[in-house]
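2 protein chains.
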Amino acid sequence: MSRNAPNAHALRHRVVIVGAGFGGLFAVRALRRVQVDVTVVDRVNYHLFQPLLYQVATGVLSEGDIAPPIRDVLRKQDNARVLFGEVVHVDLATREVELDTLGGAMRLPYDSLIVAAGAAQSYFGHDEFAVHAPGMKTIDDALELRGRIFGAFEMAELDCEAAERDAWLTFVVVGAGPTGVELAGQIAELSRRALRANYRAFDPRSARIIVLDAADTVLPPFAKPLQRRAHRDLEALGVEVQLGAMVTGVDATGLHVKRKDGSTDRIDAHTKIWAAGVQASPLGASLGDQSGAPVDRAGRISVQHDCTLPGHPEVFVVGDLMSLNRLPGLAEVAMQSGHHAARTIARRLDGDTTERPFRYIDLGTMATIARFKAVVSIGRVHITGLVGWLMWLVVHLTFLTGFKNRVSALANWTIAFLGRGRRQRTITEQQVFARTREIPQPKGGVAERET
Amino acid sequence: MSRNAPNAHALRHRVVIVGAGFGGLFAVRALRRVQVDVTVVDRVNYHLFQPLLYQVATGVLSEGDIAPPIRDVLRKQDNARVLFGEVVHVDLATREVELDTLGGAMRLPYDSLIVAAGAAQSYFGHDEFAVHAPGMKTIDDALELRGRIFGAFEMAELDCEAAERDAWLTFVVVGAGPTGVELAGQIAELSRRALRANYRAFDPRSARIIVLDAADTVLPPFAKPLQRRAHRDLEALGVEVQLGAMVTGVDATGLHVKRKDGSTDRIDAHTKIWAAGVQASPLGASLGDQSGAPVDRAGRISVQHDCTLPGHPEVFVVGDLMSLNRLPGLAEVAMQSGHHAARTIARRLDGDTTERPFRYIDLGTMATIARFKAVVSIGRVHITGLVGWLMWLVVHLTFLTGFKNRVSALANWTIAFLGRGRRQRTITEQQVFARTREIPQPKGGVAERET
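First to last, the sequence lines map onto chains U and R.
With this note's numbering, letter number 351 in the first sequence gets 351, and the count goes up by one each step, no holes.
With this note's numbering, letter number 223 in the second sequence gets 223, and the count goes up by one each step, no holes.
The following block holds chain U by itself, in its conformation from the complex (with noise of 0.2 Å):
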């Protein structure tokens, strides 16, 4: 606890970890009982569950159920320390992280380093329609969406004109991959169960939730089987699925569509959700540039078969920024790597210098379509419905377990999904005057905002 403990320790290992996503947050728990100083660094202050971010943006669950504090769940963890902030370059020559915090930049030696940054959303080369269609990476991208979410339903329920109205009461998700999936599944009990007897000017089951995939079918990387399952559950939810369809223009009040027969269209709404594609964290890039690693188009770098970098023996690059035995960006991959990564460091502290590649054990994928309805593969056995259902639950209940927040995130998903309500439905008062600047005022004019 003295200030002077670092230099106390000099002698020891030293692990940097960059990211507490699900890949640095395995690696540093698979080191608590090595003779090692972990600092583990993330430019936020909570490990974010990302697999239900999607019941964030839609009001079943709070922020603070699905992103415990990382130094909470690390707090036991003695050899760990945090550090908040950003990482903006790592120097392999000089073997240190530089850091960019509020309170200056640092500069961070190390013995081993663990990248484990992760990826952002991708909009294919034309960000301009980030403003638009927000992504579901992040708390606050969550956040923000639930805002627009039910802002829109607030905006039906003004004085406006019919075709209006519509325009507010259709929510397109692009992209039909796990997340787009739950999203729409959730719009659409949403519309259709949570929010009854709420509006007098429109009956919310009218909304219009359509997900669309330039792909020619939902949930890609599921086998066909299911894909059909999990089409047939969101149509009998009430949501459109557009598939060969592809986006090329998104603005304030809709959105522009390029169908597979070469036909375009548009479709007037206010709310769009970016589900759509992942860009590898630029981390990746400059470790490319200096190791001479291949960066692929999503930004990320092959790897060795140990997740080392070449010529860096000391640097392993895991989760959804490796590009490994294509791997897809999957929680339990970047779970399995970082456990590789760590206990690698472990081995050869003990003096076991030989290289075992890594070697992902399959341990099946999910997603939930709505309550009571999800389709889980494990192998060749495929499970859909109910008791799909209860296997996503049990698994997810599960992980949260670790990090303390079962009893209310239970307490929360029983309210949520038995009863009618959605408990966090909270517009905050920064995303409305953010928003005003977004939405096209109509010509009647505004009267001055007071403050």
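No lab work stands behind these hints, which were simulated from the structure alone.
Don't take each hint at face value.
[Stated by the list, open to error] Partial list, derived from the structure: chain R residues whose beta carbon lies under 7 Å from chain U: (1) Gln50; (2) Gly64; (3) Ala67; (4) Pro69; (5) Asp72; (6) Gly103; (7) Ile139; (8) Ala197; (9) Glu355; (10) Arg359; (11) Trp392; (12) His396; (13) Gln424; (14) Thr428.
[Stated by the list, open to error] Label pairs and their calculated CB-CB ranges: (15) R:Lys224 with U:Arg107: 56 to 62 Å; (16) R:Pro225 with U:Lys76: 39 to 45 Å; (17) R:Phe399 with U:Phe399: 32 to 38 Å; (18) R:Asp265 with U:Arg107: 36 to 42 Å; (19) R:Thr398 with U:Asp296: 35 to 41 Å; (20) U:Phe399 with R:Arg192: 27 to 33 Å.
Every residue, glycine too, gets a C-beta built ideally from N, C-alpha and C.
The hints should help you fit chain R onto chain U, whose structure is shown.
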């Protein structure tokens, strides 16, 4: 549900209610069985249970726990609709309310009007303090303070000079009324208990929490024995109570204080919270101009004995915006005056036009200092300690009941009070970016932030 519905009811008496705080909400509820058309207007989409706002600021509860959507609370009240917008003007001559919405300007004609627009934070003419010392009146305030409080501990964990660390670990609450006392008590509990083992560079128990006030007692409206007890309880928690201390300046890194003996000094503290005064809605001044009713320094408008404007029996002013019989700005006063206004409208429609003055029934006041510690005053009866705290808990849970948030709030309270943690500690990135403009950067300079 048809678009002509408003015309179909054109002969019904139209009641417009401005604001859905305690005054507005109790007014609309009191009209639920009356043959009127009620329109409730608010600039936010939630009813704020303000007495628990400090629990959002300190991570105990989520915003949704204390801010149920207005339209969900009123979903079963068929004669009421809710509009999301800000009232910028009331025209007493034409009997219209001018509404500024994200969809444009609207004019709402009324037959009876209840103005329950409440009050905002007052900086006593020093609005420039606000950026450095946010108030405690809105959900946005509470979320901003949550980010600053947990962010301050993050900053202290970064490598920094001892003096700088002390300034990050000093929290100053300006104002020793119920809000200030409750907030200071919660920050003390946070640092003494909830954040245990979270940091490596310092012990969070070393945090300094100061509550200061120009008055010479804490909790001015309470009786002397309760003030003494609250003062003692605060000090036992480790809170420094500084009385007779007037704030003369606030900046990013501290504040200037003038003591009762005329001396002045500076307190170095990055986190300042303003809980010192209120200023009624600007609508008060405009209503005073039009009706000739006096408006006091705090912006409150003097009403007739039945809460109406002089010369305008169809316009009621209730709650914090109302000045009548020196009644304090309490939730209970707002509820009872809102109810009185609604009942008066209902009586008149029944043909009873006798004027009945508003009579406030004092049901007691309470303030909580920490878990298991509260002071309660019911007439001449004083209750303190655990019994007082249990009363406080029952009363607050009972009020939340009506909003259906009881189960989850109870679950969250149980976890937070009896357990060790604070579930809601998210710092949004939006807040971090906003703060980079305010925090002075050290001379070493900071590398460019990547986006």
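- Item | Status of the Glu355 of chain R interface restraint (C-beta, 7 Å, chain U) | It is violated, given that the least Cβ distance between Glu355 of chain R and chain U is near 33 Å, above 7 Å.
- Restraint outcome when His396 of chain R is required to lie within 7 Å of chain U by C-beta distance: Violated - the Cβ of His396 of chain R stays beyond 7 Å from chain U, reaching only about 17 Å at its closest.
- Query: Is it true that Phe399 of chain U and Arg192 of chain R lie within 27 to 33 Å of each other by Cβ?
  - Reply: The hinted range 27 to 33 Å holds for Phe399 of chain U and Arg192 of chain R, with Cβ atoms some 31 Å apart.
- Message: Does the closest beta carbon of chain U sit nearer than 7 Å to the beta carbon of Ile139 of chain R?
- Response: holds, 6 Å
- Go through the hint on Thr428 of chain R and say holds or violated, using the shortest Cβ distance to chain U against 7 Å. This interface hint holds because 5 Å falls under the 7 Å limit.
- Item | Interface restraint verdict for Gly64 of chain R against chain U (beta-carbon cut-off 7 Å) | holds, 4 Å
- Evaluation of the interface hint that places Ala197 of chain R against chain U, nearest CB under 7 Å: holds, 4 Å
- Restraint check, 7 Å cut-off on beta carbons, for Ala67 of chain R near chain U: holds, 5 Å
- Query: Does the CB of Arg359 of chain R sit less than 7 Å away from some CB of chain U?
  - Reply: violated, 33 Å
- Message: Can you tell me whether the CB distance of Lys224 of chain R to Arg107 of chain U sits inside 56 to 62 Å?
- Response: holds, 57 Å
- Just tell me: holds or violated, for the beta carbon distance of Asp265 of chain R and Arg107 of chain U against 36 to 42 Å? holds, 37 Å
- Query: So the hint says 35 to 41 Å: do the beta-carbon atoms of Thr398 of chain R and Asp296 of chain U match that?
  - Reply: Because 59 Å falls outside the window, the suggested range is violated.
Checked against the numbered hints above, the structure breaks hints 1, 9, 10, 11, 12 and 19 and satisfies the rest.
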